[in-house]
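S.K.: Turn these sequences into a full structure, and let the hints guide you.
Chains L and W, in that order, are what the protein sequence lines are.
Every position in the first sequence, counted from 1, becomes a number in the numbering used here once 11 is added.
Every position in the second sequence, counted from 1, becomes a number in the numbering used here once 11 is added.
No lab work stands behind these hints: they were computed from the structure.
Do not rely on the hints blindly, as some may be mistaken.
As the list makes no split between identical chains, a pair holds if one copy fits it or if it spans any two.
[Unchecked claim] Calculated lysine-lysine pairs in the BS3-like style (CA-CA distance at most 27 Å, straight line):
| id | residue 1 | residue 2 |
| --- | --- | --- |
| 1 | K304 | K91 |
| 2 | K116 | K265 |
| 3 | K309 | K91 |
| 4 | K265 | K196 |
| 5 | K196 | K91 |
| 6 | K24 | K116 |
| 7 | K52 | K304 |
| 8 | K265 | K52 |
| 9 | K52 | K116 |
| 10 | K304 | K196 |
| 11 | K60 | K265 |
| 12 | K265 | K238 |
Just so we're clear, the structure is a prediction, and the values are computed from it rather than from any experiment.
2 protein chains.
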Amino acid sequence: MEINELHTDPDTKARAGLLQTDHGDILTPVFMPVGTAGAVKSLSPEDLKSSRAQIILGNTYHLYLRPGTEIIHQAGGLHKFIGWDRAMLTDSGGYQVFSLNDLNKIEDDRVIFRSHLDGSQHILSPQISMEIQRDLGADICMAFDECTPFPATENEVIISLERTHRWEAASLNAFRASADPYSHKQHLFGIVQGGIYPELRRQSAEAITALDFDGFAIGGLSVGEPKSAMFEMTELVTDILPAQQPRYLMGVGKPEDLVEAVSLGVDMFDCVLPTRNARHGILFTWDGPLHVKAGRFKADFTPVTESCTCYTCRNFSRAYLRHLFNVNEILVLRLASLHNIHFYQELMSAMRQAILNNQFASWKHDFMLRYHQSKDQSEVA
Amino acid sequence: MEINELHTDPDTKARAGLLQTDHGDILTPVFMPVGTAGAVKSLSPEDLKSSRAQIILGNTYHLYLRPGTEIIHQAGGLHKFIGWDRAMLTDSGGYQVFSLNDLNKIEDDRVIFRSHLDGSQHILSPQISMEIQRDLGADICMAFDECTPFPATENEVIISLERTHRWEAASLNAFRASADPYSHKQHLFGIVQGGIYPELRRQSAEAITALDFDGFAIGGLSVGEPKSAMFEMTELVTDILPAQQPRYLMGVGKPEDLVEAVSLGVDMFDCVLPTRNARHGILFTWDGPLHVKAGRFKADFTPVTESCTCYTCRNFSRAYLRHLFNVNEILVLRLASLHNIHFYQELMSAMRQAILNNQFASWKHDFMLRYHQSKDQSEVA
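M.R.: Encoded structure:
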């Protein structure tokens, strides 16, 4: 999978490009809203389109357990099942198997785990993850890896990395040996791990890029390590990844993190933050996050952001949103999520434009200055 | 307030007409979705318009407590506060004061009650209810009455009725003595009470219609009495109400109840049933209610109703809705509510058309036959 029309900012490593999928083109850098269980929480496909989302993410682990891949396969794939006709990416299920399961048993070639829902026993492996992701039918699938926990000793990371590289090679083999089950092409991304050990990150990046993946992800970050380490590892890896293929930093992040990571050459992101924060009344603005539940907004009849064109800002005041949170009216979960997803899409679009204008460095400087002046900044989740 | 273009079905008492408000015309018979605390649960104004809702209801008691009338007044009224530019009706607050408060104290000219939220003490009276409803600014306001509980002895109803008639006269005086606070005209409806005692209902209807109200409601029904009594009282009252003014049966009801009451000459309805049932997975169809959570729908990839033009039916399957309920994705609360409100609007529209075609009796016969054939009928909430 080539990243087309690639343009790199002259003063940073920021890139703008275009990814082609059978469910439409994706302008990069791109943020992918997370639709864990077949829905981006509170938002319909129409809402997502109104926010200009180009691609969303689904979670293999959750969808495998409920409704199960058999039903999604019968529906004609995840796109059809959930009514989303733009691009989609699924993860491998590995992250949840490791993070939601205390009782998982890792063997050489598979993981035996218990459902967090009912304790029933299941098995995930490179081959099974690929089978499931074929049934789901996302445009971009992810290799089955082990997300190394943080903290981990160097030796633990070495052991984990050896397994991850073996599993990813097996994922690629299984993926290439199977055909696209629906009428569109599926792609497979490899994932670079290595904790926060520069030499192991380098080894992993070299090992994974030696394989014939369609794109590359940086995994195992944003899991509790210092932010400086996250960006150090990101830059180390993007310097090794092939320029012509897309790069995806998994699970990141806050607006300021996206801006920083774009400046280091990342093209793709996903994170639950905009929707999760929305449900807690934290709305993103160019002046930093705004805690709309605060009492000082009770008679503030201005929108969250005057210049914002989202449905929420065009129609409702901070006072109304605050009231809806106050009385637990679920409508506000959608209105807040709509705004935050819209903001994230605007943010990516603004970055893309700055890159194309060869002005990303100064754009980034201005963004950071304005964003961090927010009174609410210290409270941000 | 005249009901214009009034057309009465030749074989029943069913009426079709048109109500003019400064927030648009209302074709009758009409169903008003309930927006208790400033939102029809889970639905945006855009959603309501897509369902062709012409008027919604707000609850004075809830809005008085939160956010308070001062904030709504500052916002420029409830329409502006919640972003709804079509017609609106508010109740008097009396129903909640009596039904949500065990500790209320009824005096001759007022009720002292405690907030169900924090126990704080408040007073409601005809004058105060009118003041609040002026601040809210609904197109149609309701007189402050006592909703006589069921069951009640004849003597209890007589005492309650005497008070209700006094309060309603005081409501009318207070309302007429105050000016429209915003740039649109407000109207006041009187409410007929009388429990299920025909003679008391008759007395109440005569007493209330002797006053200069803009329209008339039938209150104190759908509170636990037998359905036969509800319809008997409804017909007794509609036979007395002036033909040229709108008639509103408060708190009703199920689709089959709306059809029956329309045949008895009712023009307006409100009920939480379509939205509440939606949130419990009960979706209304012409073939009766459908319990979409049921296991038999897990691989049913047809929409709730093939012929339905709502967003939900145009885009999603029963299997997907069932899955969303199963995994507690809040998106489904909106998708289900959208469908049910759309169904209720379609139902009212179909009744109106049948009345205009002078075919309401046969339409009603066909509707009831088809609606009650549903397998799910016995389960309906």
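S.K.: All hints, please: hold or fail.
M.R.: Status of each hint after checking the structure:
1. Taking the closest pair of Cα atoms, K304 and K91 come within 27 Å of each other only across two copies (20 Å); inside a single copy the shortest separation is 37 Å, beyond that limit.
2. For a Cα distance limit of 27 Å, the shortest separation of K116 from K265 qualifies neither inside one copy, at 33 Å, nor across copies, at 53 Å.
3. Taking identical chains as interchangeable, the C-alpha atoms of K309 and K91 lie at most 27 Å apart only when they sit on different chains, with a minimum of 15 Å there against 42 Å within one chain.
4. In the homo-oligomer, the alpha carbons of K265 and K196 never lie at most 27 Å apart, since the shortest distance is 31 Å inside one protomer and 48 Å across protomers.
5. Taking the shortest Cα distances, K196 and K91 sit within 27 Å of each other inside one copy (15 Å), while across copies they are farther apart (49 Å).
6. In the homo-oligomer, the alpha carbons of K24 and K116 never lie at most 27 Å apart, since the shortest distance is 41 Å inside one protomer and 72 Å across protomers.
7. Taking the closest pair of Cα atoms, K52 and K304 come within 27 Å of each other both inside a single copy (20 Å) and across two copies (19 Å).
8. Taking CA atoms no more than 27 Å apart as the test, K265 paired with K52 passes inside one copy only; the shortest distance there is 18 Å, against 30 Å between copies.
9. In the homo-oligomer, the alpha carbons of K52 and K116 never lie at most 27 Å apart, since the shortest distance is 31 Å inside one protomer and 44 Å across protomers.
10. Proximity of K304 to K196 under the C-alpha cut-off of 27 Å is found in neither arrangement, the shortest distances being 45 Å within a copy and 33 Å between copies.
11. In this assembly of identical chains, K60 and K265 lie within 27 Å of each other by CA distance solely inside one copy; the values are 21 Å within and 35 Å between copies.
12. Proximity of K265 and K238 under a CA criterion of 27 Å is satisfied intra-copy only: 11 Å inside one chain copy versus 57 Å between copies.
The earlier numbered hints that this structure contradicts are 2, 4, 6, 9, 10.
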